[in-house]
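> The lines below spell out each chain.
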Amino acid sequence: MKRLSDLLAREPAGFGIGQVPAARVPTATTRLVCGFCSTGCGLDVHLKDGRAVGLTPSASHPVNGGGACPKGWEALAPLSAPDRATAPLLRNARGKLVAVRWAEALDAFVTGFRTSQAAHGAESAAFLSTGQIPTEEMALLGALAKFGMGMRHGDGNTRQCMASAVVAYKEAFGFDAPPYTYVDFERSDVIVLVGSNLCVAHPIMWERITRNPNDPEIIVIDPRRTETASAATQHVALRPKSDLTLLYGLARNLIERGAVDVGFVHEHTSGFAAFAEFVAAFTPERVATETGVSIGQLDRVARTVAEGRAVSFWWTMGVNQSHQGVRTAQAIIDLALMTGNIGRPGTGANSITGQCNAMGSRLFSNTTSLLGGRDFADPSHRAEVAAILDIDEALIPDRPSLAYDRIVEGISTGEIRSLWIVATNGAHSWINHADLRELLGRLDFLVVQDMYASTETAELADLVLPAAGWGEKDGTFINSERRLGLIQKVSPAPGQALADFAVFKAVADAWGCGHLFRRWSDPEAVFEILQELSAGRPCDIAGVRGYAHVERGGVQWPYPAGSDQPGAPAGATDPERRLFADGRFFTPDQRARFVFEAPIAPAERPDRSHPLVLLTGRGSASQWHTETRTGKSATLRALAPEGLWVDIHPTDARARGIGAGDAVTVTTRRGAVAARAQVTTNVGEGSIYLPMHHPQVNTLTFPAFDPHSRQPSYKYSAAQVRLARPGDPA
Amino acid sequence: MTALLAPGAVGRPDEPTPIDVWLLRQQDLTAVERFAARHDAGDVAEDRWRDRLPATGPGPGEQYAFEVDLDACTGCKACVAACHNLNGLDEGEAWRRVGSLHDASGRPGAATVTSACHHCVDPACLKGCPARAYEKDPVTGIVRHLDDACMGCSYCTLTCPYEVPVYNPSLGIVRKCDLCSDRLAEGEAPACVQGCPQGAITISIATVAGLVAQVRGRGADPAAALVPTAPRSSLTVPSTTYVSSAPVPATWVASDESSIHPSHGHTPLAVMLVMTQAAVGMTAAAAWLRASSALDDAATGALATIGLVTGLVALAASVLHLGRPLLAWRAVLGIRRSWLSREILAFGAFAGAGVAQAGLRAIGGPPALVSAAEATMVAGGVVGVTCSVRLYAVTGRRWWRTSITAARFAGTTAVCGSVATAAVLAVADPTQARPIIRPLVPLALVGLAVAVLAPLLPLVRIGSRRPLDRELAATRRLLGHQLQLRLVGRLVAAAAGLGLIGAAGAALPSLDAGSRDAGIAFAAAAVVLAVGEYHERRLFFLASVAPRMPGSPR
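Respectively, the protein sequence lines represent chains A and B. The first sequence begins at 1 in this note's numbering and counts up one residue at a time. The second sequence begins at 1 in this note's numbering and counts up one residue at a time.
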């Protein structure tokens, strides 16, 4: 009989890993980049007879050096969930989703889209993609939908996380180019985090800060006292959505104390004089009144930034998900430019991305921009792409796509009639989604392609296509610091599930446009196409020597042809590289732009009936977005609070007779949700906070959008909280 | 990838279609070998954690200990996931937990607290274990659970104030952190230490005498705890240290303070406790009646037999609650330390002597031997109930302290024992029963009053300036909310039992005429009261709130 103690026996794994459970001693290991967030940690997957049996964070990876958050450790768990989609599901005459063979599913796919397109025009079909699949798959989807199926409109869920940063960078730097490398976390002496809860959202980036030997000043600008704010040396607890005013006030203060790097501004930027004139109106008194930040505290922040030798500015969703997200991001860029904190170690105006492959999507998804960060409206760009892909230029639309919110709006106006949703769960994550769920029901044809048939969105589909996930297919991601990472097939997909790549190829064949993608034979062949598409662009990766080169994790873009040849610029192949060391930007005149605009109030203001401001955000390091994957791991589930808890300030709680742990109802003008009260000073008076992972939270959010990026503003809705009453939602 | 599998042109009908080819390729895992081969040289994770371990192992009088830097911990919980994966735990099983504390006064302030086994100097799990399934390594100080020796009684989950051992239902045993002892033996860091992105968990060497002096020594603060709201360290002398630049204010509260959930209900143990106590009451009564020659052997024999059978059923129930009943024999091994072992031995003596006594009586054995067996049975029973009291009291839970537990167990013994005795006598031999039953009625009433009031009175604060402590307040909240229905059921059963005792008392005079009315009323009262006491004993488990490390809202 096997002894119970044998179940926990540990044996040396070899491969430098140390001891592992005896039953899971690997015969080999291979490296995958993590498939959750954009940090891009390397995970060494342990293989036994070719199959994944475990993993450890890669000790020699330039990003994480042996660390991982709980999601990374549990990355393999979601693959074996019992509710994986294992066969295509087609809605039958009685309205029930039933399993069908792939051949039937592909027929239904083609018939469904073609019928709707025949009646309402080719452009009435659209797709919604994701930041969670490899670049090769995104590129194939974008090319197939737009060049093969006649769609014009397609967008990604990256609209929900990165769009504001993209627009901000494009306008300021001339290209969507986050300038930093993670080493900058370790080289700064002042680190400014705006709307970024790094400790929870990007724990391994916080680890990089903890390795900083300079004992840095860490300034966190956030209305909530987050885990990161608690760990900071200065927490600026401003009023929600007053950040633009605060940043302009900071700029004014820096100008007044002579902290401007006049030489850099003169040599490498344009528009500073107008900016300086503009921010003059942001007097300390005005800033204090509008933001709730005292004159003294603002002064201290300004002094810290001014005295900093290497100041890095970082932002995440608190900035991007805003009605003025682009301008707020640009205000941060303005601060970095005016103080000359860019291009040097430990500096930068640095957008921290959300999803694992948000940047792949930004550059190659063929949605908002044409492949390779190009412009659909630019004839020369279309000609370049047509030549590289060897397709008829006329197949390339000459106008960009509608953004996500406009596609949703298009459903209500009848402009959009059929939709293909890939690896995203909009019926949970989209802002004010009660509306979206109703609209999805109006479509002629809705196809959802996902690992799970159980997502809120898949349940609404006419056709569900079962997809292989991370670890079940090959391809590359690009992380926050422009680093390429490889994912590999280390586990077979369940049942009839197929890699999204294979689904797209099969659809192309079924549609009759397979000939356009003959060169796109497998992910690595597509990677070569992407390299060609990138050549000469800022995001040039033409010099990368295939997947073998990417697998170790040492390649960031740009990596043009010849980077590792004699005569290449010094440092061209360094594993940690930043942009703009030479002060030359991607604008036509190679100067960075100061961009600014007057702050305006959010569209929905608190009033007597809804006097509180509802903030939303990441709940814990063990939860990811709509939890379609993290919710499958019992280990991760146990690490997150059970049920929905609303953070409320003691004063606001007392005024409503609410005690800690009480059952309450959170209401906005759009809905009501049951929660329990977490009475805490982590939120300011007048604010409440809900984690975004609960499926009901986005029935509450107010659908405001940044006018430039069309990114939803998830973090400001007028709300009320009361003790739960009979008849309230349970 | 073989050429055979390349998708492309569709040829003859018997050839696979492109989608078949894609499906075949999806299942093919050979491509991964391409990069895997290059890893033979491997990475060395060691640099990451070398400085998180002590340079040398513990010397005499020292032991390994966790040290947690509260300033560095961000609460990301990677330690939990790393432990789970590197130790191959079952789905959902975790040996480490992360909770948090915050300032409840309105000032900002919070700390996250990661904890696993504290490898105590005086481990309560080890002391409580009846099966000797724990050992404290004399060199490293690591408290190890010996999975193969565990019979799955779960008693250690009650004795450990930190709720460290966790029962694994699929294996039928508890398991817990062993400080990754074989990793440490090889100079390798424990899983959580390796897994912490912030380096907040390190391994240090603690001086045993120092640990003891800190919490049990002269002048030590009896309320000292690892962090605010944690169990008193004097209970077990935990070895973990939590360090921070500024001490965590004692006024901070656990973030899960307001989320109070009922504890494990332990149904078999509730059954066992009520039935053993009723059995002890009945057999003691039978022995007393025989010794005082107040009643003939037929009636007392019936009483003794029913009492014995009740006790045997109770003991069978308690064996069935074990995760591995075949190892029940191990329960006696812990006699030197474990109150559970002592309880089991005492009740074993009760059962054994009871059976012997019944057998001797049946074959007409020597009266001296019968008496000796009977005395042994009663003594075993009384000692057993006493051990029952102690084994819960030693857990340190406030609601289980000796005075309360002794009162409620004595109350149950008195009320169930006396009412059942009255029922048996009144039915077996009504004409002789009245004088014997008469004194049993007040005994039953006193027992019932004690059983009902003993657990509830400590939860009421009338005229006292001292507020209820955290544990008892939580118990009161549970009884008033989630467990309200069961509490009502318990009180209704007690009231109904009281009414039936009254009815039986009123019918006592009819006994002389040979009526069995009183006997039936007593029997009904016995059943109703037993049900009431069962609910009371369920509440005993469900509403007892363990002292614990700070948790997260659940």
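Just so you know, the hints here were simulated from the structure itself, not pulled from any lab data. A portion of the hints provided could be inaccurate.
[Claimed, not checked] With the Cβ distance kept under 8 Å, some of the chain B side facing chain A (calculated, not the full set):
no.	residue
1	Glu15
2	Ala81
3	Asn85
4	Glu91
5	Arg183
6	Arg401
7	Ser403
8	Gly502
[Stated by the list, open to error] Lysine-lysine pairs mimicking DSS-like chemistry, simulated, CA-CA at most 27 Å apart:
no.	chain 1	residue 1	chain 2	residue 2
9	A	Lys2	B	Lys176
10	B	Lys176	B	Lys127
11	B	Lys136	B	Lys176
12	A	Lys48	B	Lys127
13	A	Lys48	A	Lys2
Keep in mind that this is a model prediction, so the values were computed, not measured. Yeah, the Cβ is synthetic: ideal placement off N, Cα and C, and Gly gets one too.
> Hint by hint, say whether it matches the structure.
Results of checking the hints against the structure:
1. Glu15: violated (15 Å)
2. Ala81: Holds - the Cβ of alanine 81 of chain B comes within 8 Å of chain A, reaching about 4 Å at its closest.
3. Asn85: holds (5 Å)
4. Glu91: holds (5 Å)
5. Arg183: Constraint on arginine 183 of chain B satisfied, holds at 5 Å.
6. Arg401: violated (26 Å)
7. Ser403: Violated. Min distance 30 Å.
8. Gly502: Violated: closest Cβ of chain A sits about 40 Å from glycine 502 of chain B, beyond 8 Å.
9. A/Lys2 to B/Lys176: Holds, at roughly 19 Å.
10. B/Lys176 to B/Lys127: holds (16 Å)
11. B/Lys136 to B/Lys176: holds (13 Å)
12. A/Lys48 to B/Lys127: It is violated: about 42 Å lies between the C-alpha atoms, which goes past 27 Å.
13. A/Lys48 to A/Lys2: Cα-Cα ~22 Å, so holds.
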